[in-house]
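**Q** Sequence:
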Amino acid sequence: MLKLIAIMSLRLSNLTIKGLIRDDSTDSSIDSGHYDCISAMDDTPRLEHYLKTFDFNHVERPSVQQLHQNPNIYSIIDSINIEISPKVEKTESFVEVDEKDKYGYFTMVYIPQFMNLLGTAFFIQSSIMAAQSGLILSLIMIIVGSAILCGTVLSISTLVTNGHVGLGGPEIGTVFGIVYFLTNAIMVALSISGNSIVIDNILQNLDMQIVPNASSLNNQRVIGVLTLIIVATIPFISLDFEAKTQWFLFVIVMISMLDFIVGAFLPSTPYQMVNGVVGWNDTCFKTNLLPQWSGQTFFSVFSVYLSGLCGDFTGVTLASSLRNLAIPKGSLLGILTTQSVYVIQMIWFTSGTNRYATGNIADYQYNNYTCTLQQNCSSGSSNNPYTMQVMSSLTQIGDRTHYIEPLYSAGLLSQSLSSAMIAFISAPRILQPYGKHADPRRGYILTFFVSLIFVAISKFNILATITSICYLCSWALVNIACFHCDYVKGSNWRPLFRYYNKWFSLAIDVNWGQTPESQLYKTTVAFAHKLNTTSEHAKTFKPSILLLSGLPINNEDLISMADQITRHRGLLFVGDIVSNDIAYEYKLKTANVWNKWFRDNDIKCFYKLITAKTIGDGSNMLIQCCGFGNNLSPNIVMLGFRDSWKQSTSDEITDYFNIFHDVFETQKSLIIYRNHKISKHYNKKEKSKQNRRQLRPMLSSIMDVTNHEGIQDVKLVREVSKLSFIDIYWLYDDGGLTLLIPYILSERKKWRKCKLRIFVIIDIVRSILFCYLAIDVNWGQTPESQLYKTTVAFAHKLNTTSEHAKTFKPSILLLSGLPINNEDLISMADQITRHRGLLFVGDIVSNDIAYEYKLKTANVWNKWFRDNDIKCFYKLITAKTIGDGSNMLIQCCGFGNNLSPNIVMLGFRDSWKQLTSNEITDYFNIFHDVFETQKSLIIYRNHKISKHYNKKEKSKQSRRQLRPMLSSIMDVTNHEGIQDVKLVREVSKLSFIDIYWLYDDGGLTLLIPYILSERKKWRKCKLRIF
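Position one of the sequence shown corresponds to residue 1 (the UniProt record's numbering), numbered consecutively onward.
Treat each hint with caution, since some may be false.
Here are the simulated DSSO-like cross-link-like pairs (lysine-lysine), alpha carbons at most 30 Å apart as the crow flies [to be verified]:
1. K646 to K668
2. K809 to K935
3. K613 to K668
4. K668 to K604
5. K755 to K789
6. K809 to K604
7. K668 to K856
8. K668 to K750
9. K668 to K871
10. K749 to K596
11. K935 to K613
12. K668 to K755
13. K604 to K750
14. K797 to K871
15. K587 to K809
16. K856 to K530
17. K459 to K604
18. K542 to K530
19. K863 to K880
20. K797 to K880
21. K755 to K542
22. K542 to K668
23. K797 to K596
Keep in mind the hints are simulated off the structure, nothing from the lab.
The task is simple: from the sequences and hints, build the whole structure.
**A** Printed below as a string of structure tokens:
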């Protein structure tokens, strides 16, 4: 039988369940008389606990320290006060609108979408697009633009139907908000610019001017400012008035479009003929199929067309005013309608117009009104942006040289005013939460002045290009946001609109270029530091496993199961413990072989081979030191079940159970994994007999530390029977890990057909119902999940890259002792590693302190480092001696090839006469351990610089050698009395940094001073090499 036992309690034996039904009682506590398998100290699982981040009234289980330690130790822990305030959920800052006062999707989504997507370019630039690009390229532009629009609308529809996502993240939200606000403000100017052109054209036909003797451009600017003032006053009236105005303008635009479509079928007048509108004929259609560029390019024409597509987010910005939030329906219907109109318009232009015409009515009687590109004609569809006006039906009335097409002009004015109003209303709503009572009146004022700046430009093509660029940025951010939400697959990603594809969202606007190794390392380190400052959240729990596997080749299924749990979700550290009597070169070669074996078998893990006297010592080293930071360290320890009890010695059994104690002592979870090993040649006929096997894969023992010789390339066992059920016995309120691990397994390919069966106490049924009924749940945060996933992916990628001397990154393990006693030592190490590598600060204390005290102390010092802008990972460990502790840090700190320390730094020890022989031995054993592991060593010494440095004495210090800070790693005094002390940063301006390069040490003696010379406070120092 296969069984997975996920354990978070020390009570592992006698799990015989005699009864799962209890008497009806209002008391929610467990009566041990009803359940022989449950202790009275264990509270039954209550799903209400998982719906709240903080619950101060629930029953707490005793910790290992409460069972083993003296209760008086907690008075010491409580003396260190760390302010922890419960996280308060952000409430919606928008004012709720009554349901009966909201609008339908057609009024507030489709009409604004239609009016914006039609665009001013539809009326005054579309004929040039058809003439310059030809019908084929024009249709390609429309298809590409429609694909971008549809992909973006699908993404935004998915995002807006995902419900309330707590803290969606300023990383994308702030950037998108700023870009989209600016885009809408520019869109106001673009629409008003088209309106100004039309009005100025009408006035010229009537021989009138706004400003006498002024140029046409200045007249358009004056008209634009006046129009902007009118547009700005409408939102202050009411949103209902704006909606009615949109309906009126929509009707006018539809009449204008009908006027254009009908006009193409009417016989052409002489005025139309000399302006290039010759009516439908095969010659025009064949001539206009292919492009003919004259002063334009594909991208310049495409940018003008894209400016007409700006407005696919209109319904989203007005979503709070909708009775039925039907963003997908209204938006997609608007795209379908407008793009169909564009296609019809392109066919009409290519079938009934000439690219070039003279525009002279006198040429009609001689039938000489057509010309070519070389003749510099002034009219025709390629030169005249108002060809749509000429083609409209009411142009047939009269035979004048100057005319005003009333329906065309009314449609263009209506569309430009409508687009300007929509953009002007949308922009301030982005800033709505910053207004009093969610009223964005100050946002309207800001939008007015931003739009006024661009109205002053008053050049349609320039504004169209700027608007297109801004909208492309907005589309990119929305699609990336949708992709990364789906890629992370956090618990908060539950959109109602499911018709989208994350790869389609990504393909629209992603740069698929490569990242150099140095940038990859720098980004990984930056992400690791950012993760180190984020607090852990139960609902974004990532299973990071430390697997005590022994020799990997003997525990293939154990490794495979651990990989199934952590793949794409967390980190996997594979720990292998061997005896002390092997050389480092052999360890290094063995590690390389096994790393290749893991890559060949597609196992994403970090292999850690360490030496220790016993299995217990080695596991304790890995549990304390493996990984770094808050979120990049293992939170689960996994090992195989020990079957050979009779053959084991008492010391081996003690070591085995000491591992459990160390796991719970450090407040980590524990998984013990057991099965009868599955045959590689599994008989398919016997699968039907296994359909109800429980999940218990792999017989394994971590005690396997046999000789590593004879390593060979063995294919990992991956054939597992198709089980029908995964049985879970959820007996204790263990935080949910017993449910989480099987659930993760059920998502994997080879476990996907298995059904989960949960056996729980009957008392939990009430809370299960409560869980399903509860809707206001905090599902955690997406940005932290993505940050974690990206960091892990980068770490794995770095683990496969080989080290190179020219890309050396100084990563320092600083044996500092109590940080407050070694401020300058920490400051110097930070100067070396800042923006270049990792800094691990190791603090070694005695074994007689509780884990809560360690955790609280670590939190205090992490805050101290942040306050002093020190980028580091603080590691507080317990060890019997300084030598043992430093050996643990040197072997286990960090993970992978490039994320482990390559330099060990410590202070010079001055007090030789006062030291005992054991202390001196421990000090020099650190040097031995450093060189044994082929790491570099920095010993740091100086006379401590006074904070009140006398400026007059600086001249006397101009040739001092670089010897800052008297320090000793031996300082492991009591951590009480920790206070917030400002780090010493005042250092004299040295004239020289003297380097004595006496040995061929690989160049580290030169590299570290060079790095220092690039820092701000060392920049004026000159390097002198002896």
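**Q** If a hint holds in the structure, say so; if it doesn't, say that too.
**A** Hints and how they fare:
no.	hint	result
1	K646 to K668	29 Å, holds
2	K809 to K935	13 Å, holds
3	K613 to K668	24 Å, holds
4	K668 to K604	21 Å, holds
5	K755 to K789	27 Å, holds
6	K809 to K604	24 Å, holds
7	K668 to K856	16 Å, holds
8	K668 to K750	28 Å, holds
9	K668 to K871	26 Å, holds
10	K749 to K596	24 Å, holds
11	K935 to K613	22 Å, holds
12	K668 to K755	28 Å, holds
13	K604 to K750	17 Å, holds
14	K797 to K871	23 Å, holds
15	K587 to K809	23 Å, holds
16	K856 to K530	20 Å, holds
17	K459 to K604	56 Å, violated
18	K542 to K530	16 Å, holds
19	K863 to K880	27 Å, holds
20	K797 to K880	37 Å, violated
21	K755 to K542	23 Å, holds
22	K542 to K668	13 Å, holds
23	K797 to K596	14 Å, holds
Checked against the numbered hints above, the structure breaks hints 17 and 20 and satisfies the rest.
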